[in-house]
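For the protein sequence lines, the chains are B and U, in the order given. Quick note on the numbering used here: the first sequence kicks off at 1 and runs consecutively. Quick note on the numbering used here: the second sequence kicks off at 1001 and runs consecutively.
Keep in mind that the hints were calculated from the coordinates and are not lab data. One or more hints might be untrue.
Claimed, not checked - When the alpha-carbon atoms are kept at most 27 Å apart in a straight line, the in silico DSSO-like pairs for lysine-lysine are as follows:
#  : chain 1 : residue 1 : chain 2 : residue 2
1  : U       : Lys-1150  : B       : Lys-92
2  : U       : Lys-1150  : B       : Lys-114
3  : B       : Lys-116   : U       : Lys-1150
4  : U       : Lys-1057  : B       : Lys-10
5  : U       : Lys-1173  : B       : Lys-158
6  : B       : Lys-147   : U       : Lys-1059
7  : U       : Lys-1150  : B       : Lys-142
8  : U       : Lys-1150  : B       : Lys-69
9  : B       : Lys-158   : U       : Lys-1231
10 : B       : Lys-69    : U       : Lys-1231
11 : B       : Lys-69    : U       : Lys-1057
12 : U       : Lys-1231  : B       : Lys-112
13 : B       : Lys-165   : U       : Lys-1150
14 : B       : Lys-146   : U       : Lys-1231
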Amino acid sequence: MIDVINLQKKFGDTNVLNGINVTIEKGDIVVVIGPSGSGKSTFLRCLNCMEDPTGGQIIFNGVDIADMKVDINVHRRHMGMVFQHFNLYNNKTVIQNIMLAPVHLQCQDLRKAKRKNAWMKFTNIFRSATKKKELIPITTDKATIKKEAREQAESLLKRIGLLDKADVYPSTLSGGQKQRVAIVRSLAMNPDVILFDEPTSALDPEMVGEVLDLMKSLAKEGMTMIIVTHEMGFAKEVANRVLFIDEGQILESAPPAEFFGNPKNPRLKEFLSKVLV
Amino acid sequence: MGNFSQKIDKFIEIFIEQNGYVSVLEGLKNTLLIAVIGLVIGILIGTLIATVRVIPKYKLLPRILNGFCSFYVGLFRGTPIVVQLLVFYYVMLPIMGLHMTGVQVSILVFGLNSGAYISEIMRSGILSVDQGQMEGGRAVGLSFGTTMMKIVIPQAVKNILPTLGNEFIALIKETSVVSFVGAADLYVAFNYIGSNSYEFMVPYLVMAVIYIVIVLLISLGIKIMERSLRKSDRRH
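Produce the entire structure from the sequences given, and follow the hints as far as they go.
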């Protein structure tokens, strides 16, 4: 589903990513680990062009999204992202946070379709009867979009047990609750893949569990996930592939059993000996 | 002080019996009109300029727009408002062949002028909002503009509301120069009363009181607005 070909990223003169090649299939759960400053977060942020890659290609659903000419917003809809610091919209309530993007984008599409239809109707006047172009079928309206988005948001909130918090502002939530809301916010777009950028690093230890549990249940449903994390236990349990990145390159890529049990790369060995005490 | 009560009597006579209050109300209307519409225009222009100036500048178009906005801000911050009024009224209008009243010119010039100041206020507000808010919006596929409008600017406005109130107050007080282009504001009204009675002490004192009352009312309004906007910060 995602093909990363020779991905490079420079900040000024510093090379952060030196040619990363990796293929991610549908349903994969890929965990990326590495020492700090190794480029693993940058790699993740390049995948949805939060940072524009300076070289290489990222083929997502058949389109090279690293190309600056591509409308990245269209592709980001299919690529959820969860941040270390949650990044919930502070000026919106919890349920508005979840509904905002689906409602706005669907309404935008609706407006676009209507505009196109109006133009098509006008140009059809000048076409002969056999050559008339078909209008885009419009099956929904604003009220339905909003209603459906609300229903979906409520069912998502029910799933994480925060339905009673629907109308409060994010500042009143705990870190774990915020992160779970952030995860369902990205789920509300029905993405093909979700990128997790150290989702548990800013949480109190007792709240890490609830977020990891939600991620595990997503994994069971077959969601494709790419996760940058320091939770080795989680990687062992959930991942079907673990990547080790250092100095902007993938040094090892293996299933977790082999990755942790029989590491080959000397740097990985050294890293694991420090992390797994 | 007997003299003073005489002066008050004289003022009251002109103010009420000779319809002085009509011109005062007219002046108050114009003052508020210029300040309020000027502020609205200023906020619109200021927000637009601030947004343009925070767009990442990889591409050519944002760079050109940014250059234009810097020029605009430099121009309007670099000349006194009186000069702007005079130039607009006596230079630009004849050149363009337009006819506008003094009040219309004042509204426009004050709008353009405060736009330059508000753009910098707004920019600092936008920069005060955590970068993550923008990323959070972009990550779900919203465009830069939409994220700005729906997420960043509402939070920025909340942060800059006290400064924006300052700007509004300054604007109200600055309107006292619009008589340069023949707009009848509060100053003109009281000046008229004063010159009719050959007595300026009381009219100007009343004028000062009216300005203070307007400003205090505005500060109160801003306080109330701030409290309602802070809703999302409150923990309950």
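Against the structure, the hints:
A C-alpha spacing of about 9 Å is found between Lys-1150(U) and Lys-92(B), which places the hinted pair at or below 27 Å, so the restraint holds. A distance of roughly 23 Å separates the Cα atoms of Lys-1150(U) and Lys-114(B); the hinted pair therefore holds under the 27 Å criterion. Of the supplied pair hints, the one linking Lys-116(B) and Lys-1150(U) holds, its CA atoms being roughly 25 Å apart against a limit of 27 Å. Restraint check for Lys-1057(U) and Lys-10(B): the C-alpha separation of about 17 Å stays at or below 27 Å, so the hint holds.
Between Lys-1173(U) and Lys-158(B), the direct Cα distance comes to roughly 54 Å. Violation of the 27 Å bound is thereby established for this hinted pair. Of the supplied pair hints, the one linking Lys-147(B) and Lys-1059(U) is violated, its CA atoms being roughly 39 Å apart against a limit of 27 Å. Distance restraint check for Lys-1150(U) and Lys-142(B): the Cα-Cα separation of roughly 18 Å lies within the 27 Å cut-off, and the hinted pair is therefore satisfied. A C-alpha spacing of about 25 Å is found between Lys-1150(U) and Lys-69(B), which places the hinted pair at or below 27 Å, so the restraint holds.
Under the criterion of a C-alpha separation no larger than 27 Å, the hint pairing Lys-158(B) with Lys-1231(U) is consistent with the structure, at around 25 Å. Pair hint Lys-69(B) plus Lys-1231(U) does not hold up; C-alpha atoms about 41 Å apart against a cutoff of 27 Å. Restraint check for Lys-69(B) and Lys-1057(U): satisfied, since their Cα atoms lie roughly 16 Å apart, inside the 27 Å limit. For the proposed pair Lys-1231(U) and Lys-112(B), the alpha carbon gap of about 35 Å is over 27 Å, so the pair is violated.
With a C-alpha separation of about 22 Å, the suggested pair Lys-165(B) and Lys-1150(U) falls inside the 27 Å cut-off, and the hint holds. Restraint check for Lys-146(B) and Lys-1231(U): satisfied, since their Cα atoms lie roughly 24 Å apart, inside the 27 Å limit.
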